[in-house]
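All chains, full assembly: derive it from the sequences and hints.
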Amino acid sequence: MRILSHPATLDGAGRRHSFAVVIDISDTDRPLPRLLNLVLGNLNPPPGKGRILFALAIGGVCHLTFAAAIAAMVWTLWNGMTTGLGAVPWPWAALANAALVLQFPILHSLLLNTRAGKIVGRVVPGAWGRTLWTTIYTIIASLQLLALFLLWTPSGIVWWQAEGAMLWVVGAAHLCAWLFLMRSNFDAGVELQSGALGWMSLLQRRDPRWPGMPTTGLFTVIRQPIYVGFSLVLWTVPTWTPDQLAVAATLTAYNVVAPGRFKEKRYRARFGKRFRRYQETVPYMWPTGARDG
0 MRILSHPATL
10 DGAGRRHSFA
20 VVIDISDTDR
30 PLPRLLNLVL
40 GNLNPPPGKG
50 RILFALAIGG
60 VCHLTFAAAI
70 AAMVWTLWNG
80 MTTGLGAVPW
90 PWAALANAAL
100 VLQFPILHSL
110 LLNTRAGKIV
120 GRVVPGAWGR
130 TLWTTIYTII
140 ASLQLLALFL
150 LWTPSGIVWW
160 QAEGAMLWVV
170 GAAHLCAWLF
180 LMRSNFDAGV
190 ELQSGALGWM
200 SLLQRRDPRW
210 PGMPTTGLFT
220 VIRQPIYVGF
230 SLVLWTVPTW
240 TPDQLAVAAT
250 LTAYNVVAPG
260 RFKEKRYRAR
270 FGKRFRRYQE
280 TVPYMWPTGA
290 RDG
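In numbering that gives the first Met the number 0, the protein residues as written are 0 to 292.
Hints may be right or wrong, so weigh each one.
[As the list claims (entries may be wrong)] Below, in silico cross-link-like pairs of lysine to any residue (SDA-like), each with a Cα-Cα straight-line distance of 20 angstroms or less: (1) Lys262 / Ala115; (2) Lys262 / Val60; (3) Lys264 / Thr214; (4) Lys262 / Pro104; (5) Lys264 / Arg276; (6) Lys117 / Phe103; (7) Lys264 / Ala115; (8) Lys262 / Leu250; (9) Lys117 / Asp206; (10) Lys117 / Leu191; (11) Lys264 / Phe274; (12) Lys264 / Leu106; (13) Lys262 / Val281; (14) Lys264 / Val281; (15) Lys272 / Asp206; (16) Lys262 / Phe274; (17) Lys262 / Pro210; (18) Lys272 / Phe261; (19) Lys262 / Leu101; (20) Lys48 / Val38; (21) Lys262 / Arg275; (22) Lys264 / Thr280; (23) Lys272 / Pro282; (24) Lys272 / Phe218; (25) Lys264 / Gln278; (26) Lys262 / Asp206; (27) Lys262 / Thr249; (28) Lys48 / Val60; (29) Lys262 / Tyr283; (30) Lys262 / Ala92; (31) Lys264 / Pro282; (32) Lys264 / Lys48; (33) Lys262 / Trp285; (34) Lys117 / Gln102; (35) Lys264 / Ile105; (36) Lys117 / Lys264; (37) Lys262 / Leu191; (38) Lys264 / Met284; (39) Lys262 / Gln203; (40) Lys272 / Pro258.
Source of the hints: derived by calculation from the structure; they are not laboratory data.
This is how it looks when you write it as structure tokens:
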């Protein structure tokens with residue numbers, strides 16, 4: 000990878016162009032060069048005040064919402080789902096909580112795997128909406144997580160809480176689970192997972208360059224590290240309640256079944272023989288598990 004600096008120049012009409020940074024990246028299939036290519040492209044966006052301001056505004060909304068969702072998830076899971084702000088009376092709270100935990104995987108699958116996903120590109124009218132698909136989708140997913148973890152009505156029952164040395168052990172395991180999840184998102188394309196791809200592409204007035212098939216980092220060990228990491232985060236918590244068990248069991252079941260049923264079907268359609276070869280050589284979710292094919 001080379002980063003080249005070009006000073007201000009004059010075009011054929013005598014207009015002066017400002018200093019620009021041009022990135023020469025030979026392998027944009029790798030996560031870090033691809034991310035740098037996208038981020039550094041923001042330093043010299045094409046003219047268009049309205050487009051630039053809108054891209055920055057929706058990017059800010061996206062990342063603030065995403066950060067709030069992660070913070071709510073971290074805090075609520077750490078406390079075994081006991082900190083939810085929901086106040087639905089029991090037994091109706093059981094139905095409300097079931098709706099909260101099911102809305103995330105159901106809408107997630109509908110938007111990614113059916114024609115319902117076209118709605119995401121229409122939230123913002125015109126071509127901008129298509130460019131901002133990943134950004135809008137991340138906002139929606141973040142709002143879903145906020146709803147799940149903030150609006151949950153706690154049962155008030157606590158089965159077990161780690162204390163003393165056990166708290167440190169469980170805390171270390173939980174931290175490792177989060178680091179695993181973060182690394183897998185980076186390997187898959189953090190610009191896609193975080194929603195940055197959409198608004199940064201709009202800022203630079205270019206079509207989004209979606210990451211290719213992830214095959215580096217954790218994806219050399221298993222095919223679905225993101226779903227494994229998400230499941231590990233759900234189970235390595237220091238407080239166990241009926242609420243925590245319900246959330247962990249429901250979302251883990253989705254994490255195990257949905258990638259093979261939906262995501263890998265999309266990948267077979269998109270990448271064809273290349274993905275089939277990948278399936279034959281890399282196990283699904285367990286490093287020593289059976290390969291497909």
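Hint check results:
1. Lys262 / Ala115: Cα-Cα ~16 angstroms, so holds.
2. Lys262 / Val60: This hinted pair is violated, its Cα atoms lying about 27 angstroms apart.
3. Lys264 / Thr214: 17 angstroms, holds
4. Lys262 / Pro104: 13 angstroms, holds
5. Lys264 / Arg276: With Cα atoms ~14 angstroms apart, Lys264 and Arg276 stay inside 20 angstroms; holds.
6. Lys117 / Phe103: Given that 20 angstroms is the threshold and the Cα spacing comes to 18 angstroms, the pair holds.
7. Lys264 / Ala115: 17 angstroms, holds
8. Lys262 / Leu250: Measuring from Cα to Cα gives roughly 16 angstroms; hence the hint holds.
9. Lys117 / Asp206: 17 angstroms, holds
10. Lys117 / Leu191: 17 angstroms, holds
11. Lys264 / Phe274: 10 angstroms, holds
12. Lys264 / Leu106: 18 angstroms, holds
13. Lys262 / Val281: Distance of about 16 angstroms is within 20 angstroms: holds.
14. Lys264 / Val281: Holds. Lys264 to Val281 sits at ~16 angstroms (cutoff 20 angstroms).
15. Lys272 / Asp206: 26 angstroms, violated
16. Lys262 / Phe274: 12 angstroms, holds
17. Lys262 / Pro210: 15 angstroms, holds
18. Lys272 / Phe261: Answer holds: Lys272 to Phe261 is near 17 angstroms, not above 20 angstroms.
19. Lys262 / Leu101: Distance ~18 angstroms between Lys262 and Leu101 Cα, so the pair holds.
20. Lys48 / Val38: 19 angstroms, holds
21. Lys262 / Arg275: Holds, at about 13 angstroms.
22. Lys264 / Thr280: It holds: about 17 angstroms lies between the C-alpha atoms, which stays within 20 angstroms.
23. Lys272 / Pro282: Since the Cα atoms of Lys272 and Pro282 sit roughly 16 angstroms apart, the hinted pair holds (cutoff 20 angstroms).
24. Lys272 / Phe218: Answer holds: Lys272 to Phe218 is near 17 angstroms, not above 20 angstroms.
25. Lys264 / Gln278: 11 angstroms, holds
26. Lys262 / Asp206: 23 angstroms, violated
27. Lys262 / Thr249: Answer holds: Lys262 to Thr249 is near 18 angstroms, not above 20 angstroms.
28. Lys48 / Val60: 18 angstroms, holds
29. Lys262 / Tyr283: 12 angstroms, holds
30. Lys262 / Ala92: 32 angstroms, violated
31. Lys264 / Pro282: Judged against 20 angstroms, a Cα distance of about 16 angstroms means the pair holds.
32. Lys264 / Lys48: 41 angstroms, violated
33. Lys262 / Trp285: Distance of about 17 angstroms is within 20 angstroms: holds.
34. Lys117 / Gln102: 18 angstroms, holds
35. Lys264 / Ile105: 17 angstroms, holds
36. Lys117 / Lys264: Distance ~18 angstroms between Lys117 and Lys264 Cα, so the pair holds.
37. Lys262 / Leu191: 15 angstroms, holds
38. Lys264 / Met284: 16 angstroms, holds
39. Lys262 / Gln203: Violated - the C-alpha atoms of Gln203 and Lys262 are around 29 angstroms apart, more than 20 angstroms.
40. Lys272 / Pro258: At roughly 18 angstroms apart (the allowed maximum being 20 angstroms), Pro258 and Lys272 satisfy the hint.
Checked against the numbered hints above, the structure breaks hints 2, 15, 26, 30, 32, 39 and satisfies the rest.
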